[in-house]
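Novice: Protein chains in written order, with my numbering: chain V, 695 to 986; chain Z, 3 to 257; chain Y, 40 to 359.
Since the hints were made in silico from the structure, they are not lab data. Any given hint could turn out to be false.
Claimed, not checked - Mimicking SDA-like on lysine to any residue, the simulated pairs with C-alpha atoms at most 20 Å apart in a straight line are: (1) Lys870(V) with Gln781(V); (2) Lys811(V) with Ile708(V); (3) Lys826(V) with Tyr907(V); (4) Lys142(Y) with Asn10(Z); (5) Lys122(Z) with Leu211(Y); (6) Lys881(V) with Ile330(Y).
Now for the letters of each chain:
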Amino acid sequence: MLLDQLIQFLITGITIGAIYALVGLGFSLIYNASDVVNFAQGEFVMIGAMSAIFIYGAGVPYFVAILIAIFISMFVGVALEKLAIEQARNATVVTTIIITIGASIFLRGAALLIWGKEIYGFPSISGDDPIKVGNITILPQSLWIMACTALFVFLLRYFFQKTLTGKAILACSFNKKAAYLMGIEVKHMLALAYGISGLLGGIAGVLITPITYMTYGAGVMLGLKGFCASILGGMGNSMGAVIGGLILGIVESLGAGFISSGYKDAISFFIILLVLFFRPAGLFGKTGVERV
Amino acid sequence: MSALLEVNSVSRRFGGVEALKDITFSVHGGEIFSIIGPNGAGKTTLFNLLTGVFYADEGSILFNSHDITRKRTFEIARLGIQRTFQNLQIFLNMNCIENVKTACHTRISSGMISGCLRLKKVIQEERIVEKWAMEALDFVGMKDLALAPSDTLPYGLLKRLEIARALAAKPSLILLDEPAAGLNDTETLEMRHLIESISRSGITVMLVEHNMSLVMEISHRIMVLNYGQCLKLGTPTEVQKDPEVIAAYLGEAAG
Amino acid sequence: MRLVGLYIFLAVTIGLGLLFPDNYYVSVVGSTAFFHIILAVALNLFMGYAGQISLGHAAFFGIGAYTSAILTTRFNLNPFVAMSAGAMLTGALSTLLARPILKLKGHYLAMATLGLGIIVHIFLVQEEWLTGGPDGLSGIPPIKIASLVVDTDIQWYFILCAVSAMTIWISLNLMDSRMGRALRAIHGSEIAAEVLGIDTASAKAQVFVLSAVLTSIAGSLFVHQQAFISPDSCSFAFSVELVTMVVLGGLGSTFGAVFGAAILTFLPEFLVHFEELEVLLYGAILMCIMIFLPKGVFVSAVDGVMHLFQRRCVRDVGSS
Chain V
695 MLLDQLIQFL ITGITIGAIY ALVGLGFSLI YNASDVVNFA QGEFVMIGAM
745 SAIFIYGAGV PYFVAILIAI FISMFVGVAL EKLAIEQARN ATVVTTIIIT
795 IGASIFLRGA ALLIWGKEIY GFPSISGDDP IKVGNITILP QSLWIMACTA
845 LFVFLLRYFF QKTLTGKAIL ACSFNKKAAY LMGIEVKHML ALAYGISGLL
895 GGIAGVLITP ITYMTYGAGV MLGLKGFCAS ILGGMGNSMG AVIGGLILGI
945 VESLGAGFIS SGYKDAISFF IILLVLFFRP AGLFGKTGVE RV
Chain Z
3 MSALLEVNSV SRRFGGVEAL KDITFSVHGG EIFSIIGPNG AGKTTLFNLL
53 TGVFYADEGS ILFNSHDITR KRTFEIARLG IQRTFQNLQI FLNMNCIENV
103 KTACHTRISS GMISGCLRLK KVIQEERIVE KWAMEALDFV GMKDLALAPS
153 DTLPYGLLKR LEIARALAAK PSLILLDEPA AGLNDTETLE MRHLIESISR
203 SGITVMLVEH NMSLVMEISH RIMVLNYGQC LKLGTPTEVQ KDPEVIAAYL
253 GEAAG
Chain Y
40 MRLVGLYIFL AVTIGLGLLF PDNYYVSVVG STAFFHIILA VALNLFMGYA
90 GQISLGHAAF FGIGAYTSAI LTTRFNLNPF VAMSAGAMLT GALSTLLARP
140 ILKLKGHYLA MATLGLGIIV HIFLVQEEWL TGGPDGLSGI PPIKIASLVV
190 DTDIQWYFIL CAVSAMTIWI SLNLMDSRMG RALRAIHGSE IAAEVLGIDT
240 ASAKAQVFVL SAVLTSIAGS LFVHQQAFIS PDSCSFAFSV ELVTMVVLGG
290 LGSTFGAVFG AAILTFLPEF LVHFEELEVL LYGAILMCIM IFLPKGVFVS
340 AVDGVMHLFQ RRCVRDVGSS
């Protein structure tokens, strides 16, 4: 009985954790490319989800609507880089944080203007009839979320390790000047990194909405969880962010199930604090040695 | 002469690389003691061990008969060791005199609350700190730039400012990490005079420097490091004559 | 000379209070601005001076506010006794947390303080028996100074004006003192600060506690002015707003924090007339200011004036 419950919570945890992983991946991608902690990451998720809902609502076929929506969040990501981050090249870290906070408020304001304050739902990819295995039930959407996350993590890894463009982005993240001297268009690469990050956000958005619904303000908490995931894994470590996201989802789900649903977020933040006290650079982050 | 600083078989590894291996030497009060060697020989690492930025894996370091091997950086500073940095570490958010005033930290004692309330003690301290800081700036010839924001100063002046800052802490030993690097000939000459006057004022100087004529002319003794090991320790003449040193570092140029 | 900015601040605020005591923007919005000024100046001690970051200061505001609210309503304690209790509780908590949290740097520190803020917020929402839950606590008595009950807007205006001035005075004093320089040195180069004999861990911990306690006192005053407190007043969004004030005005400058607080208090009052465009415009203005004046409004303006002045000096020297 307890085991069934445990497995049930684990499935919920992995589902939500996979979403956090996608958002966290977007976080670490932007952090790697430009040293910016993007507090508008959650808004990418919201924009993707809201766009899909409304394009589908306008009569466009389901998958076409999703594609357009993901494209829209990707565009928002590129626009953020071009219009804001690129303009503030010499700003300090704290200043860029405030810029992205401004961007997140702006995007939320835009969503409020276009879509209002209502709560929206979105149909699942393949229906809502739960699959039963013994005493355990799984929503088909959960499986889709896990599968899609695994696919995109794999694709992204391939992209960064095997393709020239991917390697170029990585080169920019290690040393912008050197990359520039090697003939890499750093500007384009940054825009691309933001674009991919927006794309990941959009995917997370259309995947999660059938399970949790969406409002104009729902991006804030999702963005924070993504930040948690990437910090937990070690800032800038992509695979760390994925594992961090999964851990976070599972801790949250177990905390909500066995301890208290009101305290589920407090439990996950408490765990993150504990981890940071013992490993100040996250689980997989390297502590750098300052050269003097 | 008694030894001010005693370093006993100190080693330090970074990963698999032995940055320093079994180094033993002592520095006497009042001398100018230089450390030379090719890049990566372990010179700055040695300074980092002496100031507690890193700790030695083995061996011990005694300063003024205090064991400082495991002491933290600020505790070592309070015992009287100061240093400058190869990559300048000026507080760019402060002007020149504030940089120097900061160094008087250990010579005064008011805490945060008295600072907030600006008690009488703080006002007195500020007056004396102002005087000390001006003296230190005057010593390096930067009295007129006291109120200049430090982020607008040229490189040569920043190097002087860093020395003024170290001096304002009233050290008995000062470690200078490549003070002449990046300076032109005139500035190098001025730096030489500055180092000599520091030494004359009774402060023991340890110097890491690549400018050989500077090192040879002002040092009392020189230690040559190569791949983390001590190749030779002696007077400038002894070092210059040593065949091993010539092969490893000085080459023909210094001949 | 050192306190000239404070005198100008006092002259302007007292003048406004005397001239327009019944004006909504002076007595009501002005009082809110004073709260934000106290909070922003206190946060600037930690962020601007010492170069750290906190995304959780609303937690300390909440602890002060709720301690005052609970002790005065349930136990009939004198508001000033309750305020001191809140300050002591905040002091104890921040002292306890300072060392482990301040070992962290940059984004990790941001995360840890953010987590702290959210945990406190969730506690305030969940523990209904103590905090009234999401609905909060109401009926909090006003404060009494001698026999004067402070309950009109303009009375609060002058009291908060005095407290703001005191906070600014503290901040300016600290700037030119042994520990103030130590903090700014940590901001400039932590390693160089250590080498100069500064116990950086202790200095950071001290300023964290100082900043937290001042924030807590502001929280206590807030509940007595509002006669009401709910968890919404100490949410993550509020922490972010405080950081934004400090950075918007100009990190590291006391009057930068004052300006940032004033701007972010009056901006929404002005934007409210744009109705549904409000949020959008707020975000856009925030972004634009930070993109075009990355050092903050006040610091950029001072730099600009100095620059102009220096150029004129150079020209004068050149022509003479």
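Novice: Against this structure, judge whether each hint is valid.
Specialist: Hints and how they fare:
{"no.": "1", "hint": "Lys870(V) with Gln781(V)", "verdict": "holds (17 Å)"}
{"no.": "2", "hint": "Lys811(V) with Ile708(V)", "verdict": "violated (29 Å)"}
{"no.": "3", "hint": "Lys826(V) with Tyr907(V)", "verdict": "violated (23 Å)"}
{"no.": "4", "hint": "Lys142(Y) with Asn10(Z)", "verdict": "violated (32 Å)"}
{"no.": "5", "hint": "Lys122(Z) with Leu211(Y)", "verdict": "holds (16 Å)"}
{"no.": "6", "hint": "Lys881(V) with Ile330(Y)", "verdict": "holds (17 Å)"}
Consistency with the previously given hints fails for numbers 2, 3 and 4, ordered from lowest to highest.
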